[in-house]
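Participant: Model the full structure from these sequences, guided by the hints.
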Amino acid sequence: MIELIHISKSFGQHQVLQEVTFTFEDGKVYGIVGENGAGKTTLFRCIAGLETASGQINANLEPLKNHLGYLTSDPYFLSKLTGEEYIYLLTDARGKSIKNLDERNIFELPLKEYASSYSTGMKKKLALTATLLQDNSFYILDEPFNGIDLQSSIILTEIILRLKSMNKTILISSHIFSTLKDTCDEILVLEEGRISKSVKKEQFGDFEEEMKEKILKKDIDKLWL
Numbered sequence: 001m002i003e004l005i006h007i008s009k010s011f012g013q014h015q016v017l018q019e020v021t022f023t024f025e026d027g028k029v030y031g032i033v034g035e036n037g038a039g040k041t042t043l044f045r046c047i048a049g050l051e052t053a054s055g056q057i058n059a060n061l062e063p064l065k066n067h068l069g070y071l072t073s074d075p076y077f078l079s080k081l082t083g084e085e086y087i088y089l090l091t092d093a094r095g096k097s098i099k100n101l102d103e104r105n106i107f108e109l110p111l112k113e114y115a116s117s118y119s120t121g122m123k124k125k126l127a128l129t130a131t132l133l134q135d136n137s138f139y140i141l142d143e144p145f146n147g148i149d150l151q152s153s154i155i156l157t158e159i160i161l162r163l164k165s166m167n168k169t170i171l172i173s174s175h176i177f178s179t180l181k182d183t184c185d186e187i188l189v190l191e192e193g194r195i196s197k198s199v200k201k202e203q204f205g206d207f208e209e210e211m212k213e214k215i216l217k218k219d220i221d222k223l224w225l
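In terms of the working numbering, the sequence shown has 156 at position 156, counting the first letter as 1, and numbering is strictly consecutive.
Hints may be right or wrong, so weigh each one.
Result set (PhoX-like, lysine-lysine): computed pairs, CA atoms no more than 20 angstroms apart in a straight line [what the hints assert, rightly or not]:
| # | residue 1 | residue 2 |
| --- | --- | --- |
| 1 | K164 | K181 |
| 2 | K164 | K28 |
| 3 | K214 | K181 |
| 4 | K200 | K28 |
In short, the hints are calculated from the structure, not lab data.
Facilitator: Printed below as a string of structure tokens:
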């Protein structure tokens, strides 16, 4: 469980998060959607302890950052670190001893090569593999499906569902609505730093149509098509 109470965050005069209050329950997957600049990544960074914010963040495991796996939208890798070394670095930080790493390399990554030389999709899969092998209780996945191939997307969807079955708490942001429909129990809409709407699974179909109508009316009509 992760409980957010009146979380607010500003950068100078610009307020990014405004009084965000919500409880993420164990064993559930939550989608966080919103336009660029709505505050999704800032919210994730606050939960992960990478940004300070006013308000309170509580969890049933403390400190939260020691039980949280955070996959950023654009993972960074040191230039002289191999994929294998990167995984060992992250798992060692959690006190995990990884054996038979080659057998657990489900994305078939070239682990002996420098991670900085990987493609965008390979970097995403390497960071995800290391985060999963940490065996965290909470996961934040910021645009995890961006840049990965169809086969990896299918694997990732199954991974998320298995984490849910293991009573993990998962937060996902994605611009690919089908991935949210396949994995999430609830979708939260973030607008101007606030949670403007909560959508339950049985409402996903109506919500998708509502989103399509809103987006097409706003953007496509401008092209006079």
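Participant: Next step is simple, just say for each hint if it's right about the structure.
Facilitator: Here is what the structure says about each hint:
1. K164 - K181: holds, 14 angstroms
2. K164 - K28: holds, 6 angstroms
3. K214 - K181: Within the cut-off at roughly 19 angstroms; holds.
4. K200 - K28: holds, 12 angstroms
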